[in-house]
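Chain B: place on chain A using the hints.
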Amino acid sequence: MSHTNRLLIIAAVMTAFLVFMLGSNTARRAGGQEVVLDVTGYDPRDPFLGHYSRIRLDIAILDLRDLGGLDEIQAEDLVYVALEPNEAGVWIASSLHHERPETGPAILGLVTSVYFRGQADERHEVVQIDYGLNRYFADRATALELDSILRDDSRSPRLIVSIPSDGRALIKGIEIDGEPQYERLW
Amino acid sequence: MLIALSAISFVGANWDATPKLLVFALLLAVIWVSLFAAGRAFDCNAPVLGHALALLGAAMFGITIMLTAQTFNLSSFRNTAVLIWALAALAVSLAVSSRPVMILATLLSALWVWLEILSPAAPDTMWSYALVWAVMLAASSRLNSSVSVNLLGLALLPWLINALVRGLESLGMEAHQIATLTLLSFGILATGFALLRHRQVPTAGVIAGWCGTAAIIGGALIQWPLGEYEAFVRELNRSDTGPGMPNPALYVPLALALSGGIAAMAWINGGGQRKRTGLGVAIAALTAASFPFIVYIEDPVVFLAVRILFGTAYYAFCISLILIGTRADARATGTLGIAGFILHTAYVYWETFSGLLSTSLFFLTGGLVLFGLSWGLLKWRKRLPTSQGDVS
Numbered sequence: 044m045s046h047t048n049r050l051l052i053i054a055a056v057m058t059a060f061l062v063f064m065l066g067s068n069t070a071r072r073a074g075g076q077e078v079v080l081d082v083t084g085y086d087p088r089d090p091f092l093g094h095y096s097r098i099r100l101d102i103a104i105l106d107l108r109d110l111g112g113l114d115e116i117q118a119e120d121l122v123y124v125a126l127e128p129n130e131a132g133v134w135i136a137s138s139l140h141h142e143r144p145e146t147g148p149a150i151l152g153l154v155t156s157v158y159f160r161g162q163a164d165e166r167h168e169v170v171q172i173d174y175g176l177n178r179y180f181a182d183r184a185t186a187l188e189l190d191s192i193l194r195d196d197s198r199s200p201r202l203i204v205s206i207p208s209d210g211r212a213l214i215k216g217i218e219i220d221g222e223p224q225y226e227r228l229w
Numbered sequence: 014m015l016i017a018l019s020a021i022s023f024v025g026a027n028w029d030a031t032p033k034l035l036v037f038a039l040l041l042a043v044i045w046v047s048l049f050a051a052g053r054a055f056d057c058n059a060p061v062l063g064h065a066l067a068l069l070g071a072a073m074f075g076i077t078i079m080l081t082a083q084t085f086n087l088s089s090f091r092n093t094a095v096l097i098w099a100l101a102a103l104a105v106s107l108a109v110s111s112r113p114v115m116i117l118a119t120l121l122s123a124l125w126v127w128l129e130i131l132s133p134a135a136p137d138t139m140w141s142y143a144l145v146w147a148v149m150l151a152a153s154s155r156l157n158s159s160v161s162v163n164l165l166g167l168a169l170l171p172w173l174i175n176a177l178v179r180g181l182e183s184l185g186m187e188a189h190q191i192a193t194l195t196l197l198s199f200g201i202l203a204t205g206f207a208l209l210r211h212r213q214v215p216t217a218g219v220i221a222g223w224c225g226t227a228a229i230i231g232g233a234l235i236q237w238p239l240g241e242y243e244a245f246v247r248e249l250n251r252s253d254t255g256p257g258m259p260n261p262a263l264y265v266p267l268a269l270a271l272s273g274g275i276a277a278m279a280w281i282n283g284g285g286q287r288k289r290t291g292l293g294v295a296i297a298a299l300t301a302a303s304f305p306f307i308v309y310i311e312d313p314v315v316f317l318a319v320r321i322l323f324g325t326a327y328y329a330f331c332i333s334l335i336l337i338g339t340r341a342d343a344r345a346t347g348t349l350g351i352a353g354f355i356l357h358t359a360y361v362y363w364e365t366f367s368g369l370l371s372t373s374l375f376f377l378t379g380g381l382v383l384f385g386l387s388w389g390l391l392k393w394r395k396r397l398p399t400s401q402g403d404v405s
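Sequence order for the protein chains is A and B.
To convert a position in the first sequence, counted from 1, into the working numbering, add 43.
To convert a position in the second sequence, counted from 1, into the working numbering, add 13.
Note that these hints are calculated values from the structure, not bench results.
All C-beta atoms in this analysis are idealised placements derived from N, C-alpha and C, irrespective of residue type, glycine included.
Hints may contain errors.
[To be verified] To give an idea of the interface, some chain A residues facing chain B are shown, with a C-beta separation under 8 Å as derived from the structure:
id: 1; residue: S45
id: 2; residue: E226
id: 3; residue: R227
[Unchecked claim] Quick list of in silico lysine to any residue cross-link-like pairs, SDA-like style, CA-CA up to 25 Å:
id: 4; chain 1: B; residue 1: K33; chain 2: A; residue 2: E77
id: 5; chain 1: B; residue 1: K33; chain 2: B; residue 2: Q83
id: 6; chain 1: B; residue 1: K33; chain 2: A; residue 2: Y225
[Claimed, not checked] Have a look at the derived ranges for each label pair, beta carbon to beta carbon:
id: 7; chain 1: B; residue 1: V46; chain 2: A; residue 2: S67; range: 20 to 28 Å
id: 8; chain 1: A; residue 1: A73; chain 2: B; residue 2: L120; range: 34 to 42 Å
id: 9; chain 1: A; residue 1: Q117; chain 2: B; residue 2: V265; range: 31 to 39 Å
Here chain A stands alone, though its shape is the one from the complex (with noise of 0.2 Å):
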């Protein structure tokens, strides 16, 4: 076989790769459960990559005061955070499970740290999660305007999500001043 049909092989099988993982990852993303979550943020910037913002969910940090479902909990544990909507239309987290609930969206993160706040009587322990939605690229425009938002304490940008049945979130798209913005494939 020529040195050119084999490559063109590789070619064929690269090909296939990235179509079927960017075809998976819509379909998952169209089928999983939306929910809207709040978000804070950090600046956009990437001289190569174009623009992002960092963001950081609001359920990144969750007081286990707050929260049913499990007790023991430690760093480098997945746990399911199940969530339900308040008074706003937002989606906030429940409570912390190993196992996903059977009733109502949970999303799967990895617990990067558990730590302990207050003194004495106070004392109660706090979870960071990380759900691996921490960046959101977008077009420059977008990506400034949002920054402004993220920056605006009287405004509140939030995260539009696709929780598919494994709990294992994807960014669907954003919502600014009410206004949702979806992922497009074009």
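This is chain B only, laid out in the frame that chain A set:
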């Protein structure tokens, strides 16, 4: 590489002007064009251009994974993508026998394992790298890529140290036991790969060299904390607050198996010099295996005597390597032996002498020893052709 970087920047610069699927299609097109052009270049007997384009195609695959993940906000991007990139680069390198692409594949596989080790979501030991490493070594050997083989040797050291330390820690072993077993593991790998080299696997010698370097430096370093510990024993005349006793059921079989393996392979490697070299290596391996127990000696005088015995065994080990290095095909082993000898001599000096007069005496003794050793080696080498002639 510059063209690949320009592709990344181009996508970044035209983010809002280009439809996302068009960006994806453009990136795929760059992969196809670069790999097709690389194939044509090889088929038209233009290998230099072919290597450059194959490298571009392999690099663009990984860049496309990253850019696709960010363009479509695919949060499920994982370190596994780096492994897939490495395997794709490996396939390209084997398809056109490209050493530059093989180097890229080697670097990516090492990057993958460290990204996984540092990730809290993956295991700390990552034993699966052993399989990836072996595949990369086989491919590098097939392509005769000495750069890749050296990179693999270099990548092996931190990965194996990390895997052994964490693995043995999880078995409840103490630091000095872990250090000993790690050292012996490098010893067995060094002798094993040296054996493969004698069985006409040329690149195995490079890995033997890297593992041997780790074993020699480790053998010298493992003794360094003993000076401080000896002072502690002298001061308190007891060692019951020292490191914990190794679990014999776990430690002894492991240590004996490793020492036995090293001794057997050194014996096989030794060829016509088995008695001289195999014995020295075997004594050093057994001495190293007994190292953790030195900290339970309570009498300071006995402690010092055992330390000297350990040092002597290490010198015997280095001299064995120097003797092996007198063979024309094993010069690197001799260099390693000399390096170990110098390293240990520096340690002995540091631990023993302080004033100028004693320093002078130390250098005089060292000089005489080296003169004696050189004279002995010279005489021994002169006898080598005769004995080889007898064999033939």
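Verification of the supplied hints:
1. S45: This interface hint holds because 5 Å falls under the 8 Å limit.
2. E226: holds (6 Å)
3. R227: holds (7 Å)
4. B/K33 to A/E77: Holds: B/K33 and A/E77 sit about 22 Å apart, inside 25 Å.
5. B/K33 to B/Q83: Holds. B/K33 to B/Q83 sits at ~11 Å (cutoff 25 Å).
6. B/K33 to A/Y225: Roughly 13 Å separates the two Cα atoms, so the pair holds.
7. B/V46 to A/S67: 20 to 28 Å: Once the Cβ atoms are compared, 26 Å apart, the range 20 to 28 Å for A/S67 and B/V46 holds.
8. A/A73 to B/L120: 34 to 42 Å: Between A/A73 and B/L120, where Cβ atoms are some 37 Å apart, the hint holds.
9. A/Q117 to B/V265: 31 to 39 Å: At 33 Å between Cβs, range holds.
Checked against the numbered hints listed earlier, the structure breaks none of them; every hint is satisfied.
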